[in-house]
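S.K.: The primary structure of each chain is shown beneath.
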Amino acid sequence: MIKELSVEALRCVEGWRCVQDACAATRVEEGFTSDLLSDIMANAPAQSVLVTLQSHLNTVAVASLAGVRAIVLCSGREAPPDMLEAARREGIVLLQTHDNQYQASVKLEAAFRSGCVGS
Amino acid sequence: MKTIPVNPEQSPLVILDLLFKLKIKDVMSSPVITAVRKDSLRTVQHLMRDNRISGVPVAERGRLFGIASIDDIIRALEGGYIDDPVERHMTTQMVVLEDDMPLSFGISYFEKFKFGRFPVLNKENRLVGILSSRDVSASLLVELHNEYHKLEAKLPVSAIRDVNTVTRGFRVERYDFENAGKAAHAIKKILSEQNYPPALIRRVAVAAYEMEINLVVHSLGGTFTFHMDPEKVELLAVDEGPGIPNVEQAMQEGFTTANEWIKSLGFGAGMGLNNIRRNADDFDIQSAVGRGTTVRATILLPTGKDAPPQTP
Amino acid sequence: MKLEAVVGALKCQVIHRGGNFDSKDIRNVVASDLMSDVLVVDKDHLLLVTSLPSDQTIRTSDIVGAHAVLVVNNKTLPASMVALAQEMDVTLMQSAVSKFDACVMIGKLMNPP
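These protein sequence lines are chains G, P and U, in that order. Under my numbering, the residues of the first sequence are numbered 324 to 442, in order. Under my numbering, the residues of the second sequence are numbered 13 to 324, in order. Under my numbering, the residues of the third sequence are numbered 66 to 178, in order.
If you are wondering where the hints come from, they were derived from the structure by calculation, not from laboratory data. It cannot be assumed that every hint is accurate.
Okay, derived cross-link-like pairs now, DMTMM-like style, lysine to aspartate or glutamate, Cα gap no bigger than 25 Å in a straight line [what the hints assert, rightly or not]: (1) P:201 - U:109; (2) P:201 - U:107; (3) P:201 - U:90; (4) U:108 - G:401; (5) P:194 - U:154; (6) U:140 - P:188; (7) P:317 - U:120; (8) U:108 - P:185; (9) U:108 - P:294; (10) P:194 - U:152; (11) P:124 - P:185; (12) P:162 - P:38; (13) P:201 - U:120; (14) P:194 - U:120; (15) U:108 - P:265; (16) P:194 - U:69; (17) P:201 - P:190; (18) U:89 - P:205; (19) U:108 - P:318; (20) U:108 - G:337.
Same shape as in the complex, but just chain G (with noise of 0.2 Å):
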């Protein structure tokens, strides 16, 4: 059902606004959602896109451990300075969106399917 994507491409989803893209080329494959660090810690797959709330640096940390390549932050919540600097230093891509974790995952499963795909 999923099909790979380029990071880039998540660029062009409706209502989400890339706030980090060093590492733009890397390659996803499926995306995760959760606001539990020690989830994300345990259980986010590696080349996976993570949709959470939680906009900490906390989460960069967890999700760089994990192999997340990027994050999607949901309900407006915006990443604070130093979270941008450890998703930098850590070549993760930031995303933030008006949309909740439910919309949010709707709309990446979506983006998977249809490959829509960046330049």
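Starting from the known structure of chain G, fit chains P and U onto it as the hints suggest.
M.R.: For chains P and U alone, coordinates are given in the frame of chain G:
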């Protein structure tokens, strides 16, 4: 050690009155179970177990020599000297109370010295009792119950029988997640029974729940009260500390002091105070470090032609 | 969307079937593990999807008036949570699918192609 759920400086007058009226001797446990100096720590341990107590004074013919606590026993078991005489390991640096002191002294001692119990001496320096925090709580409950009946007898009947006015108080303890939400659920039920619109009920319930959660997560314990009359619902959370150093900062969305354990329960995201304010028509917070925080939220109820139909 | 459709698509186990289970119509979905987050949701006819199996999940759902709670990720539910769902009559369902997949499947039920 359990602290006493009464703050001598901020409690209602009726409690302050009781604290001065009651003497230590009215509240203490007496006679006291004691050991003698030559008793082994094992004997003391059995005394504790058989009597379900956590401290045993060491005294002979009313003269107090020391006190042995459960901690002393645990150390003895770990250190392998449980058969030593108690006099070698008991605490001799003791703080004692006098039986004629008002209970308020006793309570301030618990706050000040962090002991779980205090031996009580009479004017002749003889051991006559022991005061634990449990004694204080239990006796205060009994006395308050009596006091409550006296006060209720004095009230005009209509004030407490008016079906449209409801006042309820809940004690909320630190980290007691299991009981947080009971007050919110109760008030939700009352409003539902009176046919208020669901959106309004949700505002009240959410504000109440956030206030309870705040008490559980951030305070050392406190009380949550709701008062409802035909015009409004008033929610009041009063805690006993630690107080908020910077209220403006605490009001910022996302600011939190909650630890990881709290966050793992899905709370402590730093949205609570804002959410209370968002749902209330009137909101107020007062806080002083070392004293505590008071949060008040008022939600206006529809009246007149907008009032919900009352079911008989 | 009816709850029965969710049960079928996600192979849910219905732990407590609340009153009016069949007639309830889900129009909004919130997928969150943070109850603080759920408490700011201002929507009716709500289904809460979460991987947090706790008493507070039930209390929060009751407070915001959610129609049902779906616990995903194959979590074990504490007995106290189940008891509370029964006591408060909050519909409680459980599924082994991940939260991401649950959102995707529910999204398809909510907006059929």
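S.K.: Please go over all the hints and tell whether each is borne out by the structure.
M.R.: Going down the list of hints, with the structure as the test:
1. P:201 - U:109: holds, 18 Å
2. P:201 - U:107: holds, 19 Å
3. P:201 - U:90: This hinted pair holds, its Cα atoms lying about 22 Å apart.
4. U:108 - G:401: holds, 23 Å
5. P:194 - U:154: holds, 15 Å
6. U:140 - P:188: Given that 25 Å is the threshold and the Cα spacing comes to 23 Å, the pair holds.
7. P:317 - U:120: violated, 39 Å
8. U:108 - P:185: Distance ~31 Å between residue 108 of chain U and residue 185 of chain P Cα, so the pair is violated.
9. U:108 - P:294: holds, 22 Å
10. P:194 - U:152: holds, 12 Å
11. P:124 - P:185: holds, 20 Å
12. P:162 - P:38: holds, 20 Å
13. P:201 - U:120: holds, 19 Å
14. P:194 - U:120: holds, 12 Å
15. U:108 - P:265: Roughly 20 Å between the alpha carbons, so the hint for residue 108 of chain U and residue 265 of chain P holds.
16. P:194 - U:69: violated, 30 Å
17. P:201 - P:190: holds, 19 Å
18. U:89 - P:205: Roughly 21 Å separates the two Cα atoms, so the pair holds.
19. U:108 - P:318: holds, 23 Å
20. U:108 - G:337: Distance of about 22 Å is within 25 Å: holds.
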